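In order, the protein sequence lines correspond to chains F and Y. Letter by letter, the first sequence follows residues 1 to 325 of the numbering used here. Letter by letter, the second sequence follows residues 1001 to 1289 of the numbering used here.
In short, the hints are calculated from the structure, not lab data. Here the structure is a predicted model, which means the values were calculated and not measured. Hints should not be assumed to be uniformly reliable.
What the hints assert, rightly or not - Subject to a maximum C-alpha distance of 25 Å in a straight line, what follows is the list of computed BS3-like cross-link-like pairs (lysine-lysine):
hint : chain 1 : residue 1 : chain 2 : residue 2
1    : Y       : K1251     : F       : K311
2    : Y       : K1251     : F       : K235
3    : Y       : K1278     : F       : K235
4    : F       : K318      : Y       : K1251
5    : Y       : K1104     : F       : K144
6    : Y       : K1104     : F       : K319
7    : Y       : K1199     : F       : K239
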Amino acid sequence: MPTIFEWEKPLVELEEKINELRTFVYEQGIDFRDELNDLERKADKLRKEIYERLTPWQRVRMARHPDRPTALDYIKMIFDDFYELHGDRRFGDDQAIVGGIAILDGEPVTVIGPQKGRDTKENIIRNFGLPHPEGYRKALRLMKQAEQFHRPIITLIDVVGAYPGIEAEQRGQGLVIAECIEQMSFLEVPIVCIITGEGGSGGALAIGVGDRVLMLEHSWYSVISPEMCATILWKDANKAPEAAELLKLTSTDLLKFGIIDDVITEPIGGAHRDHEGTGRQVKAFLRRHLSEIRKISVDELVNQRLERFRKFGEFQAKKLAETVD
Amino acid sequence: MLHVFRNKPKYATVRTTKADQEVEANGAQPRKNADQLWTRCDDCSSLIYNKELQKNRYVCHHCGFCFRMSAVERLQLLTDECMFTPFDALVSANPLDFPGYPEKIAHYQNITQLDEAILIGEAKIEGYSCVLGIIDFGFIGGSMGSVVGEQIARGFEHGIAKELPVVVVSGGGGGARMQEGIFSLMQMAKTAQAVGRFKRAGLFYLSILTHPTMGGIYASFASLGDIILAEPKALIGFAGPRIVAQTTRQKLPPDFQTAEYALKHGMIDGIVTRSEMKATIGKLLSFHL
């Protein structure tokens, strides 16, 4: 059973009606062309109405759609070859983050991304896409390896957050995130980060320090999830829709803030409705941005990356009059 | 992120500052005088006479638990005759137009008498010049918004320019400043990069973790020290204990996320009591001249 959101229901019903009529026309050989065209036009209008007016919360829900492409789906669609590499060489292999070497336009690149499962069984193996420290250490190992062999790095980010578990804390979850952020910042290779679904706080930023940061249209990126924000503000996780508004976490907001460099438009109705179409879009954007940053010298690239993050923040110098105590 | 996870005090706690009173009273009736004479230790539950506690630098004389102290009190504790030249003051903007945020800032400025959750500048500790930053829990849980991030970055840049070591006391680093959303998150990158540049310049960064250092502050500059020290029994970690308990549905180890736990698991270099902190900092600075 595919997941259908309540706001999509009128459209899905209409689409079903059109399909029924089509089958009927085909079987009976009756000419209903005008009626069909009419209905199609109506459907188009409805689609526009629904998807152009999505609220931030609706977009968060789209980002979490169970049929949304995962990291491995994107890897299959975008790259010509992929060889997965495992383990952090310290503790274990975290299945919640996948990574390896892939070929893009004939050239090797390193690809890394948190991996969510499609069903319960897979989700248990993948820990619902919530990485442990060894996952981030694997990511860091692969990034350093990419630097050694002058391969560009591409991260595909879809993660609610780093796993909040006893063992995760024991093995230094906070510390490893800090190390990832710091070391990624100085890598002497081009880095493109793409937020494909959820960009949840430090767990996303740990693999999100890029020369270009792109976001799929219906993805979110913030310091806290809407549910958690709602719990803090109103002690009620059910008010997440309101919190989603306040947090300004959509691709539209973040492009306006200059936090991201580009929004990758999704096929109408969202990535889950058309994997192939989404894959093509992501590939086109990735190619364009990667080719642009590949032209920049390595020293300049690292400088620009540091400058990019250095300028984020909004504050004012305290007015002189106020400084008198 | 911390104020989500912060354990609500179950008992009357010490009023170290006006801020603490405000934070904990939280609109409740003004507390009676009797409550303010005694404090129950968060850790060992002993009753401590408040005057005694103040004299003992807010350390429980039964178990050694270090109560929170304000940034100003910490500054007095660590610097030589309060030799401290603060950086230019910065105040928060409201990048998300988050409702009630400017009022919240004004409120905390009023009760803490600080501009933001950080006190930072050039200081002298045991005769050694350094950049000293202190996070104050009393200011919105010591959370990191744009100002804290910027000041930390400036601290390390100042350290590079003047070839000075940097000491940061993440005294109650709450984590993220939710009201600044993505801008708060970006401070993790900004501060981690500032540390990275500083280290590459061959300079020494001492990170001191006090109760509690969690979330975004722990997962950025606080855990990137060349040497990391902690106060006894300080809460140190990424996810708050309540979230961990809820997510895993497991019973947490009794010493979970304490400084002792962090030391046992190899995350910090040592635990230093409050009374020995200044001398220890001085010694470590002397090793890195």
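Among all the numbered hints in the text so far, which are the ones the structure does not match?
1, 3, 4, 5 and 7
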